[in-house]
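**Student:** Given the sequences, and given the hints that come with them, work out the whole structure.
Top to bottom, those sequences are chains A and B.
Taking our numbering, the leading residue of the first sequence gets 1, the next gets one more, and so forth.
Taking our numbering, the leading residue of the second sequence gets 1, the next gets one more, and so forth.
Treat the hints as calculated values from the structure; they're not laboratory data.
Each hint can be trusted.
20 Å max Cα-Cα, derived EDC-like pairs, lysine to aspartate or glutamate:
(1) A/Lys527 <-> A/Asp495
(2) A/Lys407 <-> A/Asp334
(3) B/Lys192 <-> A/Glu453
(4) B/Lys28 <-> A/Glu289
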Amino acid sequence: MTPPIIALARHPGRTLALLCCVGMWAPSALAAQFQTLETGDMRLVYTSPLQAYLVPQVARSFENSLQFHRRFWNYDPDGRMEVLMHDLWHYGNAGARPVPDNHITLGIEPYAHEYESGPAPERMGSSMNHEMAHIFTVDRPTRSDRFFRSVFFGKVTPNVEAPPSMLYGYLTTPRWYTPRWYLEGIATYLETWMNGGLGRAIGPYDEMVFRTLVRDSARIYDVVGLESEGTTVDFQVGVNSYLYGTRFVSYLGLRYGNDSLLAWFNRTPESQAYFTSQFRQVYGRSLEEEWSRWIAWEKDWQRANLDSIRQHPITPVRPITDRALGSVSRGYYDPASHELYVAIRYPGQEASLAAIDVATGRTRKISTILGASGFSVTSLAFDPASRTLFYTTNNADWRHLLALDMKTGHSRRLLTNARIGDLVFDPADRSLWGVRHDNGFSTIVRIPWPYTEWRQVQTLPYGRDIFDLDISPDGATLIGSQGEIDGSLRLVRMDVAALQAGDTTHPVLFEFGQWSPSNFVFSPDGKFLFGSSYYSGVSNIFRYDFEHQKMEPLSNAETGFFKPVPVSPDSVLVFQFSGRGFLPSMIPNLVPERVSAIRFLGNEIAEKRPEVQGWMPPSSSRINLDSMTTATGPYRWTHNFKLDNAYPIVEGYEDVAGRTTVAGGMRFNFSDRVGATSLDVTASWSPTQDSTYERPHLRAVFRHWNWKVSAAFNRADFYDLFGPTKVSRRGYSLAVQYTGSLLQDAPRSLTYTLQAAGYGGLQTVPDFQGVAAPYDKLLSSSANLAYGSLRRSLGAIDDELGTTWDLTLRGNQVNGTLFPRLNFEAGRGFLLPLDHSSLWFRASAGTALAGDRTDPFARFYFGGFGNNKVDHRAIQQFREVEAFPGIGINAVSGANYGRAQVEWTSPPLRFRRVGTPSMYLRWAALSLVATGLVTDMDDPALRRTLTSAGAQADVRLVTLSHLDSTFSLGYAVAQERGVPLHTQWMFSFKIM
Amino acid sequence: MLQQHQIELIHREIDGATMPDESAAVRKLVAEDPEARALDADLRRVGRLFQQVEAREPPIHLKQSILDAVAQSARASPKEVPAWSSPFAFVRWSLSTLKTAFESLTEHTEMAIMTKKTMIIGSTVIATVVVVAAIATGFPPIGNGAGTIGGDGPISGVQQASRYQGRAITPAEVTLQNPEISVLLQNPEVLKLVTSEAFRTVMANEAFRSAMASEAFRTAMASEAFRTAMASEAFRTVMANEAYRTVMASEAYRTAMANEAFRTAQAQGAFRTAQSTEALRTAQASEAFRTLQASEAFRTLQASEAFRSLQASEAFRTAMASESFRTVMASEAFRTAMASEAFRTAMASESFRTAMASEAFRTVMASEAFRTLQNSEAFRSLSRSAQASEAFMTEANRTAQRTAE
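**Tutor:** Shown next as structure tokens:
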């Protein structure tokens with residue numbers, strides 16, 4: 001009996017029919033849920049009918065913020081803005097981009113409260129305030145920007161397939177090509193004042209970061225170093241953009257006033273296009289120079305705050321480990337083993353659960369954590385009786401709940417997509433408590449043993465959030481930090497029995513005024529609570545005495561103490577903030593003499609630049625949404641499909657004789673408003689081509705959810721101008737492809753791709769350049785199953801460990817003959833003890849299943865590094881199955897083959913200060929690779945055995961903040977028995 | 001030759017202490033005056049040399065050790081003898097302090113006259129004093145909220161940091177549209193229920209949705225006895241009986257049903273035969289029953305065809321033999337439900353009775369999650385609309401699928 005998959009390969013038509021049947025419902029089922037609300041200013045798309053309850057709030061917040069920014073910048077953006085609401089993340093977040101349309105994405109979940117790093121009131125309003133600032137600062141055009149927008153039929157998104165689009169993108173939206181700190185700096189500055197002072201500009205976390213850097217005489221990144229290193233290897237990574245951006249912008253506002261500050265960001269007619277040029281125009285000096293001044297000022301400011309803190313004795317600290325741990329979760333002290341259990345995430349190594357010996361500081365890795373989050377790594381709970389650690393994976397998205405048996409070291413998943421965090425274990429009945437985020441609500445949940453299901457205890461009304469739960473040793477009292485819609489936070493107490501009986505009141509245990517209570521936990525005897533608060537501006541440890549109902553300080557810290565763990569009557573373990581993350585340390589359980597407050601930069605601005613106090617929009621409830629609404633109903637992509645932009649292109653076309661000619665033409669990009677459907681059409685003409693048949697070139701790609709349909713006529717390509725790899729082909733083709741997913745559980749995925757294609761007018765085999773096609777027509781079908789589980793540590797430049805495998809069955813039918821081929825490849829990588837250094841093993845094998853093995857359609861071809869001189873594909877092309885460094889492209893072929901490869905990747909060399917803000921080097925890395933290949937293994941007469949050893953060095957260049965380019969230089973030596981050594985050099989410039 | 005203020009201006013430009021207009025003046029000076037240009041270049045060269053000496057971060061332990069050592073040595077140093085330990089010493093200390101202060105003041109005054117820089121510092125000091133005074137007096141006020149100004153708060157020994165606070169967002173400013181429906185699906189039991197086939201069947205029943213509009217119906221359904229009775233064939237037959245529904249509409253009958261003696265008599269067939277039956281006599285022993293019998297309404301009821309027809313019905317007799325049915329009859333909620341037109345209409349509906357007869361219906365009715373749903377106004381609201389019900393279950397299914405993945 002013929003295996004079904006081979007039968008399908010033999011009948012491409014049937015395969016096509018199957019594809020149509022399988023895929024018809026898949027996108028529509030999802031898309032049918034999308035709903036819209038439109039006003040004259042906005043098209044709001046929300047992904048579920050149950051999000052409808054939030055629509056009035058989102059729409060009003062949008063209009064309110066829009067009206068404010070219009071007045072503020074004296075500018076009215078063209079056309080409607082797109083707003084997409086979704087429920088895909090664990091914590092609320094948002095993003096904005098100005099190309100090709102002004103677009104805001106809004107995750108509706110409650111915000112994270114970790115370390116009070118992003119204080120905010122009602123989140124839809126504050127998100128809109130922030131994102132709208134992005135749109136207004138990058139979208140506003142001058143006359144020349146408008147001219148180019150009209151020339152290109154819109155704002156241009158850089159596209160790797162058409163590199164000139166990079167230039168067009170800059171010409172239409174120059175302020176988009178700025179570093180993230182620039183974008184986030186002004187957005188958080190404005191958001192803070194629009195939120196009535198709640199924001200990073202008056203943020204205690206931000207003060208702490210810079211105070212710590214100054215105290216430790218640590219590096220404060222310069223303007224280039226921040227981008228090249230600070231946002232990639234520092235444990236705070238992207239957060240540094242917010243930290244530095246907010247701080248620098250605030251400094252400018254304080255020192256020079258808001259008029260000049262806004263003049264820097266405002267794209268007025270007389271302004272310079274590039275942000276550094278505009279800086280010089282406004283401030284009369286270079287950005288780098290002013291940045292240095294800011295650093296000097298910052299040091300003075302922080303020294304003054306340190307002096308204030310040092311007015312009273314500083315709490316003595318005994319670090320437990322010899323280095324900071326990066327980001328940390330809540331910790332648990334196990335008196336039995338004298339170990340601290342905590343999840344850690346440090347640049348260069350995988351996030352993991354660790355046991356730290358409190359006496360010696362020895363750190364033992366217990367288990368890896370998949371999908372660790374930035375600040376808190378994971379949500380962690382501990383059952384000392386069964387010696388089980390409960391933790392969550394996929395922490396940024398829909399969290400899973402796992403239990404790790406510390407006796408066996410084995411983890412098992414308890415709940416999938418549980419969406420529960422803030423875990424705490426109740427020793428009284430072995431249940432777990434947590435907070436679930438779903439559809440914009442926070443729900444206190446209980447997960448009874450054996451943890452197969454969770455139960456709703458109480459869903460809080462929208463805008464109220466609870467976090468940092470803990471439970472008393474007798475299981476009778478639950479505590480937590482509760483946030484309200486106005487941004488205020490308080491420590492609350494809940495009687496567990498009453499809570500389960502439906503009591504919705506949460507008596508306030510203690511008010512910290514404008515500062516958040518964080519990570520309060522019970523002492524082992526249940527008589528005290530230990531937690532932290534920025535009450536004095538510095539995060540200190542506080543102790544609450546239940547008997548006397550009294551809150552007392554336990555520390556006077558210079559940097560900040562967090563997440564206390566009472567380990568004995570006289571000692572408390574805390575996590576001390578340092579420039580390299582959190583350092584587990586011991587402090588005495590003693591009340592200090594006195595604790596002084598520090599000053600906040602934002603307060604100085606509010607005082608000395610009082611106009612910021614007037615930057616708060618009126619209430620959004622005044623917006624009459626009914627009168628503004630122009631349409632509501634299901635989202636239909638056909639009604640929202642339009643031309644985004646069109647621009648001239650240049651391409652290369654290689655004919656069958658190997659002659660490359662230059663073609664000029666146009667590219668048209670269409671898409672719908674949620675990005676699920678698009679159509680790209682490229683048309684060009686090569687006037688110097690000898691054959692008139694081969695002068696026109698056309699390519700169209702239509703994508704709709706999982707579907708892709710592509711058609712080409714005499715396909716040409718920009719990168720064929722450079723070679724040596726050429727993808728241009730004579731003739732026409734039509735291909736239909738469907739990609740589906742069998743498993744999506746990050747980082748694991750199992751996807752399948754089915755494709756059917758027809759070719760005509762061929763002179764070259766479509767897959768292999770330079771290989772003549774014996775027939776001019778080809779029907780091809782393929783089925784591919786691909787598994788991937790790839791991971792990388794914080795600060796990595798590439799995947800560093802994991803497993804991949806890929807199985808492909810392909811059938812080429814020519815002149816009535818079918819040439820089925822089977823191909824399998826697998827790879828596994830290991831992270832070495834050296835940070836960011838990996839060892840990869842790869843193997844692949846393939847065979848023709850039938851047909852004349854000498855026919856080109858039945859054979860596999862190998863050779864070359866695979867990189868073009870100018871390229872857009874992955875840098876390490878030598879990893880691809882067809883590559884074999886050291887010999888020419890397609891120089892070796894076989895009807896079957898086996899290939900093995902081992903690769904060592906070096907830790908990247910980071911460049912801290914090479915270049916200017918507009919162009920700088922980020923890193924350089926080296927790969928050493930050895931490859932072995934055997935072809936025609938079953939035929940000794942034809943068999944060829946080759947080995948190769950080579951190296952490739954890559955240097956990353958960043959241009960205009962957004963455009964990552966890479967220079968690659970490779971050299972390889974190949975050897976075949978009885979044949980002289982082959983050597984090969986490779987140089988490549990990857991544009992984006 | 002460069003003047004002193006020009007030299008200082010160049011210094012301050014390089015130190016980053018100039019304002020934009022001063023900076024422009026420096027650039028003009030440097031561009032026009034070779035001496036200024038040379039000085040500027042020299043100073044910048046020196047500045048660059050300093051910049052090349054990169055700050056290095058010492059190990060955390062080293063820093064901490066030094067800090068600890070400094071702190072310990074300070075604490076360990078011999079105690080200083082107080083200046084006022086004797087009258088002579090106190091006078092000497094006072095004179096010395098006065099002299100130092102005077103010298104310092106003179107020197108600073110001269111410096112202040114000599115340099116703008118010090119004038120700025122002086123102004124800053126004055127400004128700081130003004131700011132401190134302003135903070136101390138609370139004028140001008142900043143923000144609206146309490147605790148805006150720093151100082152000791154409710155935690156003894158800790159100075160509370162100040163934070164500017166503008167207008168606070170109030171809950172009244174937040175506009176939501178029926179969030180209760182979304183809240184309902186936060187309950188996993190409800191989620192499980194609404195994604196069940198049984199629930200889908202029940203919700204598809206128009207008569208059920210109509211009945212759900214009745215508060216009385218919902219109250220009755222919350223009763224265990226009612227749900228048990230619903231499971232019986234006799235009950236459903238009685239509910240289908242036109243005479244029964246007519247009788248139920250009568251206030252008198254509902255009043256009578258509140259009387260235990262009446263219910264007992266009815267159960268024993270007292271109203272089917274002559275009033276001299278044993279059952280009736282027993283009932284008449286009750287004062288309340290006698291009062292009921294004496295009422296005009298009861299007499300009208302007894303005279304009605306519907307009442308007599310009901311009493312003669314076999315199904316009714318069978319139902320009355322059931323304990324749960326009698327319990328239902330005794331319940332206030334059921335009697336209130338009987339007064340509802342919607343309830344009676346639902347009972348009259350064939351499809352509703354068919355639905356009631358189904359296992360699915362009873363499963364749904366018996367679930368705790370359904371009672372949770374019933375208590376929700378949002379659910380009652382959406383259950384009246386087929387369209388809203390469909391949307392609700394579509395989302396419930398989607399959520400359930402995601403959870404099950």
